[in-house]
Amino acid sequence: DAGVTQSPTHLIKTRGQQVTLRCSPISGHKSVSWYQQVLGQGPQFIFQYYEKEERGRGNFPDRFSARQFPNYSSELNVNALLLGDSALYLCASSRAGHSRGTEAFFGQGTRLTVV
Amino acid sequence: QQQVKQSPQSLIVQKGGIPIINCAYENTAFDYFPWYQQFPGKGPALLIAIRPDVSEKKEGRFTISFNKSAKQFSLHIMDSQPGDSATYFCAASMAASGTYKYIFGTGTRLKVLA
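These protein sequences, in sequence, are chains A and B. First residue of the first sequence: 1015, per my numbering; consecutive thereafter. First residue of the second sequence: 18, per my numbering; consecutive thereafter.
Derived from the structure by calculation, the hints contain no laboratory data. Please note that the accuracy of each hint is not assured.
[Claimed, not checked] Restricting the straight-line Cα-Cα distance to at most 30 Å, the calculated cross-link-like pairs of lysine-lysine (DSSO-like) are:
{"no.": "1", "chain 1": "B", "residue 1": "Lys75", "chain 2": "B", "residue 2": "Lys59"}
{"no.": "2", "chain 1": "B", "residue 1": "Lys59", "chain 2": "A", "residue 2": "Lys1066"}
{"no.": "3", "chain 1": "A", "residue 1": "Lys1044", "chain 2": "B", "residue 2": "Lys128"}
{"no.": "4", "chain 1": "A", "residue 1": "Lys1044", "chain 2": "B", "residue 2": "Lys59"}
{"no.": "5", "chain 1": "B", "residue 1": "Lys85", "chain 2": "B", "residue 2": "Lys75"}
{"no.": "6", "chain 1": "B", "residue 1": "Lys74", "chain 2": "B", "residue 2": "Lys128"}
{"no.": "7", "chain 1": "B", "residue 1": "Lys75", "chain 2": "B", "residue 2": "Lys22"}
{"no.": "8", "chain 1": "B", "residue 1": "Lys22", "chain 2": "B", "residue 2": "Lys74"}
{"no.": "9", "chain 1": "B", "residue 1": "Lys85", "chain 2": "B", "residue 2": "Lys22"}
{"no.": "10", "chain 1": "A", "residue 1": "Lys1044", "chain 2": "B", "residue 2": "Lys74"}
{"no.": "11", "chain 1": "B", "residue 1": "Lys59", "chain 2": "B", "residue 2": "Lys74"}
{"no.": "12", "chain 1": "B", "residue 1": "Lys22", "chain 2": "B", "residue 2": "Lys128"}
{"no.": "13", "chain 1": "B", "residue 1": "Lys128", "chain 2": "A", "residue 2": "Lys1027"}
Note that this is a predicted model, so its numbers are computed, not measured.
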């Protein structure tokens, strides 16, 4: 089975632009979560989607949005990019949405650089 | 209360040594504690995880020790190898408001010398 796949792997954008990041979860997994990892820090929770519905949102501005498609793949959108949005964006796939002890498997991430 | 504090920030050991990484939490609602290994330019990879009703779990050379009363847990890497050189993150998770998210520690950069 393929693991979590994210695209693109690297991206350079200019301040004020918009970006869309994509994630395909592990086959059979219905939950996708997005995390932001700034260099030298642990990942920070942005969103969780389960069965195409938003189940949770972290402390991120409304410039960040996401959606999940019927095939459980997901997109993360960030509008009006700021220099501080430069980070590794990680997608995590899990079988269930909010069950106790749900294992989460991460993709390789999308490295976003805002200049 | 949702923080997970991780130490040390960095660690250097000789090959064959036993590095120990520690994490502490405050919120007793956390119910799942995974450890992730991350190599440069890669996403975190699930290494081992424990639930609070278990005091120790071993998988290969990796062991988690869990102290529920102290709200602390640690990762031990037995017979460490240069290939173990990576950044290690502890995490804690719980269900809240219909979601299940992970709170990560700040990471420990481990270097194993040959």
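Here is how each hint holds up against the structure:
1. Lys75/B <-> Lys59/B: holds (25 Å)
2. Lys59/B <-> Lys1066/A: Measuring from Cα to Cα gives roughly 27 Å; hence the hint holds.
3. Lys1044/A <-> Lys128/B: Between Lys1044/A and Lys128/B the Cα gap is close to 36 Å, so the pair fails against 30 Å, i.e. violated.
4. Lys1044/A <-> Lys59/B: holds (23 Å)
5. Lys85/B <-> Lys75/B: Since the Cα atoms of Lys85/B and Lys75/B sit roughly 17 Å apart, the hinted pair holds (cutoff 30 Å).
6. Lys74/B <-> Lys128/B: holds (23 Å)
7. Lys75/B <-> Lys22/B: holds (22 Å)
8. Lys22/B <-> Lys74/B: Roughly 21 Å between the alpha carbons, so the hint for Lys22/B and Lys74/B holds.
9. Lys85/B <-> Lys22/B: holds (15 Å)
10. Lys1044/A <-> Lys74/B: holds (28 Å)
11. Lys59/B <-> Lys74/B: Holds, at roughly 26 Å.
12. Lys22/B <-> Lys128/B: holds (20 Å)
13. Lys128/B <-> Lys1027/A: violated (33 Å)
Violated hints for the displayed structure, listed by number in ascending order: 3 and 13.
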